[in-house]
Amino acid sequence: MRSDPAEYELVAPASLQAAVTLLAENPTWLPIAGGTDVMVQFAAGTLAARKLLSIWNLPELRRIEAQPDELRIGAGCTYTDLRGHEVVAREFPLLARAASWTGGIANQNRGTLGGNIVNASPAADSLPAPLVYEAELILVSARGERRVAYREFHTDYKKMNLAADELIRAICVPRRFVGYVHYARKVGARNAQAISKVCIAALGRIEKAEIKDVRIALGSVAPTPIRLVETERALIGKRLDPRVMALARKAATAETRPIDDIRSTARYRAAVVSNLVGEFLERLGAAATGHE
Amino acid sequence: MTTKHGAKREFSLTVNGEPKTVRAYPMERLLDVLRQDLGLTGTKEGCGEGECGACSVLMDGALVDSCLIPVAQAEGARVVTIEGVARDARFRALREAFLECGGAQCGICTPGMILAAAHLLEKKPKPTLAEIREGLSGNLCRCTGYIQIFEAVAEAARRSAAS
Amino acid sequence: MKPDRIVGTATPRKEGRDKVTGRARYIDDLSFPHMLYGATVRSRIPRGKIKKINFGPGIAWSEYVVVSAKDIPGKNCIALIENDQPCLADGAVNHPEEPILLLAHPDRHALPKAVAAVWIEYEALPAVFTIEESERKSEIIWGADNTFKSFLIEKGDVDGVWAKADYIVEGEYFTGAQEQLYIETNGMIAAFDAERGVTVWGSLQCPYYVHKALGALFGLPETKVRVVQTETGGAFGGKEEYPSMIAGHAALLAMKSGQPVKIIYDRAEDMAATTKRHPSRTRHRTAVSKDGKILGGEIEFAIDGGAYLTLSPVVLSRGTIHAGGPYYWPSVRIRTNAVATNAPPHGAFRGFGAPQSLFAIERHMDRIARAVGLSPAEIRRRNFLKPGQTTTTGQIVREPIDLGKLMDRALQVADYDAKRQRFAKENLSGGRKKGMGIAAFLHGAGFTGSGERYLSSVVGVEGRADGGVRVLVSSTEIGQGTNTVLCQIAAEALGLPYEDVTIAQPDTSDVPNSGPTVASRTTMVVGKLVASAALGLKQTLVRAGMLGEICSAEEFRAACRKYVAAHGEFRSLARYEQPEGIFWDDQKYRGEAYAAFAWAVYVAEVTVDLTTYGVSVDDFVAVQEVGRVMNPVLARGQIAGGVAQGIGFALYEKVEWRDGRMQNSQMTNYIMPTSADVPPIRVYFEELGNEHGAFGAKGIGELPMDGPAPAIVNAIEDALGIPFDKVPLLPEDIFEAINAHPEIVHSPAGAR
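Chains as they are written, first to last, in my numbering: chain A, 1 to 292; chain B, 1 to 163; chain C, 1 to 752.
Check before you lean on any hint, since a few could be wrong.
To be verified - Once the Cα atoms are required to be at most 30 Å apart in a straight line, the calculated BS3-like pairs of lysine-lysine come out as:
#, chain 1, residue 1, chain 2, residue 2
1, C, LYS164, C, LYS290
2, C, LYS113, A, LYS51
3, B, LYS8, C, LYS113
4, C, LYS75, C, LYS224
5, A, LYS158, C, LYS164
6, A, LYS158, A, LYS208
7, B, LYS126, A, LYS51
8, C, LYS212, C, LYS224
9, C, LYS293, C, LYS70
10, C, LYS70, C, LYS49
11, B, LYS124, A, LYS51
12, C, LYS405, C, LYS290
What the hints assert, rightly or not - Short derived list, chain A residues pointing at chain C, Cβ under 7 Å:
#, residue
13, GLN41
14, THR46
15, LEU47
16, ALA49
17, VAL187
18, ALA189
19, ARG190
20, ALA270
The hints are simulated quantities; they were obtained by calculation from the structure and are not laboratory data.
Cβ coordinates follow ideal geometry from the N, Cα and C atoms, glycine included.
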């Protein structure tokens, strides 16, 4: 343990209101929810912030509200909360699945979706799912609330559309993906407790062999989690045949910027991206012909 | 000479059923508060990064890695450590099964592993092998290869069901 | 073999209850009054001269105890085989993380920032990082020629076989470094005073190794050094020699401060600074007849020892002796070297050179099989050692081991033939390829050759006032079951209940030197001495007229109580004596290398996923002949645990090096198997007994490390038709190979 706790301050307000008030007065304080990223940095001696604001277990942030049109997931919901929620499991299975492979049970009991979004690791495996589910974030500060499309939230590596005095209040996902083919896969170094080398979440709807809608998001292949906008454009309205699939796989590789790092290589990641997109399209095709 | 930002505060939590108050810096790890301030050395540090699970405890009924929890976030919480599980008659079958099946070799992962197993059995009294693997996937063991740990957990489940 | 009364039964772990209740005390659980905490300032460069040490701003340096090489009262070395490794660098460094200064402070949290505030100016020197660079000798970094040790084994007429060969098969095989990754990091507490000298408590395998090293470091006689082993949370060889270093550091700080000092490494420091398995390169060139018999061959084996000699000669020795595998070589030349590089010294890790050279021969046998057109099973069957034949060192196989039958059992249990037939069909289509692989091997237990005679181990058994007995050994419990098995043996020998036998905490002021806890020797060699010492204790009572030769447990206890009341607690000692007929030539490396070999055949079933290039091991069968199963639960635990480490060695555990330093020194990035990654591991034992081992036992602790890597890589070749010749084998490597040979993987015929 390489940090000295005596050099740190942490305050734990009891309500969201109190939290945003404190943050407005002290925008340099670092919010900490479940701590599964911040505390690792703390132990390694690399945590730059010295003053922290705990938003763990704030009741306003830790609820899931099912509205008729959208599911509002409090940013302080843990991955265990997500897995255990009936509507998440039924209508947003990619979220539930991503939650189940974010670390072991102990990590899932503390890691939060909001915390992971703000930590913005390019390898975060729970971020492609809200990207394909067209999530909107509700951001809150002492100045009020605003909504941001999640697709526009991450602007660059660890840079985001979030003011210093803002917190994420909720992640809202529209309830219109029932009947879609949902596909997600995480490729890590082992079956559990692994950081993604590549991760994918994808949705598709096919009618009479024509692709009506397709959304593909990937993690670990760019400075932020990304939607494969060009690949999607190349697929929409097309009939799914081997030629279209091959073109889509090429387009997917071209849209990503994988790197060599301590965990894997750019070439490997590029190949796996292509394979995963291919596997998704095969599932989509199989669903259309009833051969799932 | 180094800038000190914080001051120690009092934090109250329940540990193994007993109310405790500690004076600590808010960013002290719950792991260190348990081990140093409360003398409960059964919970171990294996990695300090939430990967190995040797520091596992229950906090308000949820399995967590105590090396990743600032003590300020444990204010008011109900914490259970291996010392509490060791006294708990509900987990006698688990302890005995670990002993009989070879679930502990060097023993350093064992407190965390037993916490994880206890947590699993509370949620899933009759776990499948796949559920046992998943329930323990955050607890690394270097000695056993896990096989006899799986058997211990399955045996504990069988005995609890029978009684 | 049917169990005796206690030996051979699933006797409960002696210290098990403490472990499952959290009562077991490891070194970081202990605290002494007025204790300081210690930390180490380490080199940031691989090789160079230290020009200046600066103590930076922002730290109240007067609050810290500082120790440098100048403070060392005796010899600045970690005494082991040679004395080339400094305890603290003095003017020069030869590897990243080399210890230079020690700091101590009452507040544990005050240390990392102080370590970070020491900045050192170096004059960098060119450094060497690979076996090849070291062999080139363009930069000499150790001794005269970078070579720690060499061996040459010659048997028969090697040069004459090439002309007779129908096939000449060549191959080159590599294994990488592997971190032991015990879940409890290295730790020590030391105390010093003028009267008692040095005392250390800590996590360690070999109390008397530390004892010897401290004596040399402090220039103190044996009576002024005391080493106590605390409950140890895993070791696997990683706490064989390294503890002498951290113990020396804690003791120096204790000496300088006059207070007890505790040093506990955090995971990142432990991974980056301490020993790892020696990386290796093996080259085979083998002459084979048309019916698949090995006629002879040349084997070249090299290991990377890191910056100092430490134990490399002994690792090399074991790797050399095992390089031929469990096969009959009519002639062979085995040339081996341990070379220096500027990495932290590599060290003991379960298997100790054998996993490296056995990986090579077992991969090579599959290569030979393909060249000759025989199956992997058949090529092995035709070359297995048989009773009466000699090993590569000329040791005669004297026991009725039938390796062909052992292999048949493994193949049958693994359903090898039926599965391979099924996979051949299934692999024709789909995104997954399945395969099966075999590894056959042997593992010599105990010290090589005359090593046990040199160790001259002594064991004690003590009669106690309550009528029970206490085992006195320096052999340590590190999870493998020392406490349990040695108490089982004593209980069996004396006809006592297991509960009447205790075992002393290894404390050099209390127990004799039964040798280090290494080389799979504890049950076999030390256990046999425990039985002798126990019987010696009984003889004392018989000669005193207090006990008949035939007696009940109750009578024994009564006699013991009576004797202690009259004479005080009493001990019986037994010393190792080399059995007759064990002849070993240390110069020519010929003769009886080991008192006993255990034999094994392992079978792995794998799936290669062509979407992710990942390999999963779906089933693993481990069949071994072990002399005698002393405790079925403990024995099975050793095999399963070793197999899991072998799976890590094969598929997951890669050390990422940059300029001699481990970059992935966190558990997040150094990948060991979790509970979600291990296959069913099915373990089977056979027992032929062993006249040189306690109750017929052979050593088994390291055996399971040798088989998994080659079995798995053989299975991957079976699945894909592509040979791989190195471990660890990661999905990225498999991707590159498939990418280079798309026609092999996707063709129906494959390489079957």
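Exercise. Given the proposed pairing of LYS164(C) with LYS290(C), does the C-alpha separation stay at or below 30 Å?
Worked result: With a Cα-Cα distance of about 10 Å, the restraint between LYS164(C) and LYS290(C) holds, given a limit of 30 Å.
Exercise. Straight-line Cα separation of LYS212(C) and LYS224(C) no greater than 30 Å?
Worked result: holds (11 Å)
For this session: Grab the minimum C-beta distance from ALA189(A) to chain C and call the hint holds if it beats 7 Å, violated otherwise.
Result: holds (5 Å)
Exercise. Is LYS293(C) close enough to LYS70(C), meaning Cα to Cα at most 30 Å?
Worked result: Given pair LYS293(C), LYS70(C) is violated - Cα atoms ~61 Å apart, limit 30 Å.
Exercise. Measuring from the C-beta of ALA49(A) to each C-beta in chain C, is the shortest one below 7 Å?
Worked result: With a closest approach of 16 Å, the ALA49(A) hint is violated.
For this session: Given the hint that LYS158(A) pairs with LYS208(A), test it: the Cα-Cα distance must not exceed 30 Å.
Result: Violated: LYS158(A) and LYS208(A) sit about 42 Å apart, past 30 Å.
Problem set entry | Interface hint for ARG190(A), Cβ within 7 Å of any Cβ on chain C | Holds. Min distance 5 Å.
For this session: Take the C-alpha atoms of LYS8(B) and LYS113(C), compute the straight-line distance between them, and say whether it is at most 30 Å.
Result: holds (20 Å)
Problem set entry | Given hint GLN41(A) near chain C, where the shortest CB pair must fall under 7 Å | violated (12 Å)
Exercise. Are the Cα atoms of LYS113(C) and LYS51(A) separated by 30 Å or less?
Worked result: holds (18 Å)
Problem set entry | Hint consistency between LYS405(C) and LYS290(C) [alpha-carbon to alpha-carbon, up to 30 Å] | Roughly 24 Å separates the two Cα atoms, so the pair holds.
Exercise. Given the hint that LYS75(C) pairs with LYS224(C), does the C-alpha gap stay at or below 30 Å?
Worked result: holds (16 Å)
Comparing the model with each numbered hint stated earlier shows that hints 5, 6, 7, 9, 11, 13, 14, 15, 16 and 20 do not hold.
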